[in-house]
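Novice: Here's the letter readout for the chains.
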Amino acid sequence: MQATFTVNGTERQIDVPEDMPLLWVLRDELKLTGTKYGCGIAQCGACTVHLDGLAVRACQVAARELDGAEITTIEGLGTPAAPHPVQAAWIEHEVAQCGYCQSGQIMQAASFLDLNPAPTDEEIDAAMSGNLCRCGTYSRIRAAVHTAATKMGS
Amino acid sequence: MRYRAVNRSLTKAAALAGMLAAGAVLAKGAEVLIEPPAAGSVSVEEGRAAFDRMYDVVTHPRCANCHVGAENVPMWYGGAEGPAQPHGMNINAGESRIGAETLPCATCHRVNETLDNDPHAPPQAGLEWRLAPVEFEWFGKSPAEICAQLSDPDRNGGRDALGLAEHLVEDAGHRGFVLWGWQPGGGREPAPYSLQQHVNDVLAWGAAGQPCPDGTTGQDASQ
Chain A
1 MQATFTVNGT ERQIDVPEDM PLLWVLRDEL KLTGTKYGCG IAQCGACTVH
51 LDGLAVRACQ VAARELDGAE ITTIEGLGTP AAPHPVQAAW IEHEVAQCGY
101 CQSGQIMQAA SFLDLNPAPT DEEIDAAMSG NLCRCGTYSR IRAAVHTAAT
151 KMGS
Chain B
1 MRYRAVNRSL TKAAALAGML AAGAVLAKGA EVLIEPPAAG SVSVEEGRAA
51 FDRMYDVVTH PRCANCHVGA ENVPMWYGGA EGPAQPHGMN INAGESRIGA
101 ETLPCATCHR VNETLDNDPH APPQAGLEWR LAPVEFEWFG KSPAEICAQL
151 SDPDRNGGRD ALGLAEHLVE DAGHRGFVLW GWQPGGGREP APYSLQQHVN
201 DVLAWGAAGQ PCPDGTTGQD ASQ
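Those sequence lines, one after another, are chains A and B.
Numbering follows my numbering, with no gaps: position 20 of the first sequence is 20.
Numbering follows my numbering, with no gaps: position 104 of the second sequence is 104.
Worth double-checking, as some hints may not be accurate.
[To be verified] Residues from chain B that keep clear of chain A, each with C-beta distances beyond 10 angstroms, as calculated:
hint, residue
1, 46
2, 53
3, 78
4, 82
5, 134
6, 152
7, 185
8, 197
[To be verified] Derived Cβ-Cβ restraints for the label pairs, each shown as a range:
hint, chain 1, residue 1, chain 2, residue 2, range
9, A, 67, B, 118, 19 to 27 angstroms
10, B, 38, A, 4, 52 to 60 angstroms
11, B, 127, A, 19, 30 to 38 angstroms
Everything labelled a hint here was simulated from the structure, so no lab data went into it.
Glycine included, each C-beta is placed from N, C-alpha and C at the ideal position.
Here chain A stands alone, though its shape is the one from the complex (with noise of 0.2 angstroms):
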């Protein structure tokens, strides 16, 4: 099938099978390898990129949904110069460790504080438990995204 989408605000065209998981559609096919594969079945979080502005686990998107759609990976979330308020505030903390889940769990954060300015502890452990840090880095990833909510509301 083919599909025309937008990747980090360029439009991208795409001939693949229907079923092809977007996240190697990002990986293989437009060679954006910031997004990560763990698991293929949505229960470790590190392949979230954003569709549409919601945060989505991209080995559950089938190339089927990607006709007409955003799509916002790491690498366009930010620039060096110009980081996002969360990977600004995933500097400043030193949350990353070995930070092969840090890419998914900052697209997570990112789409989360969209929903939700000024969340509390419990609001983004609920948001955040399906991004899995093999590190447990879950303190510091808790703690940049209060700043990052304080950055962005201010």
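Dock chain B against the given chain A, drawing on the hints supplied.
Specialist: Okay, now just chain B, sitting in the frame of chain A:
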């Protein structure tokens, strides 16, 4: 009162028959038909037996795990798949029942009419994933409690038995959660009997006056 309600349903069914033609057409030519029994053809005992089968269906994990109460926590497993347990990942669907407050169901449960679900992956169906309305709570409820709920228009979407059957067939026509219950994929255990048998049981239960295990009837409950 009971017979009047049944007759109204059957009159409505006769009119509906022309509109629905053969019912909902599902994949590969499969159909689900709405064929209400003739008035007076279903005894109370047969109606109770039909409800017993309905109870087996609605309390099966494929159905009950998303028909949970006001705590808004969907369930995993249950029945032959082992003890039921709260949905992993600390999921709470919130008062929105779609997770809008924290983590939307749609983050993982995408709309997918193919019902082609992988083992251990989030199930997907042809409708946007959600918990059933809280007043439709089935998880952990007794036969008498569920019979009263299904008989109560304030807690069943304002439906009589025919309306419940229509609801099932319409949902299945969207390749939604009802159809998914019998085609869950990924090695999951499907709901018992069949969708057609379930629709037939709802109609038979209605034609019998919606008898409940505690001796009441649906018409008693709705008065």
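Novice: Now tell me if each hint is right for this structure.
Specialist: Hint by hint, here is what the structure shows:
1. 46: The claim stands: residue 46 of chain B keeps its Cβ more than 10 angstroms from every Cβ of chain A (closest is about 44 angstroms).
2. 53: About 33 angstroms separates residue 53 of chain B from the closest Cβ of chain A, which puts it past 10 angstroms; holds.
3. 78: holds (19 angstroms)
4. 82: It holds; residue 82 of chain B is separated from chain A by about 18 angstroms at its closest Cβ, greater than 10 angstroms.
5. 134: The claim holds: residue 134 of chain B sits with its nearest Cβ about 18 angstroms from chain A, beyond 10 angstroms.
6. 152: holds (32 angstroms)
7. 185: holds (13 angstroms)
8. 197: The claim stands: residue 197 of chain B keeps its Cβ more than 10 angstroms from every Cβ of chain A (closest is about 31 angstroms).
9. A/67 <-> B/118: 19 to 27 angstroms: holds (23 angstroms)
10. B/38 <-> A/4: 52 to 60 angstroms: Once the Cβ atoms are compared, 55 angstroms apart, the range 52 to 60 angstroms for residue 4 of chain A and residue 38 of chain B holds.
11. B/127 <-> A/19: 30 to 38 angstroms: With Cβ atoms ~19 angstroms apart, the hint is violated.
Violated hint for the displayed structure: number 11, the only one.
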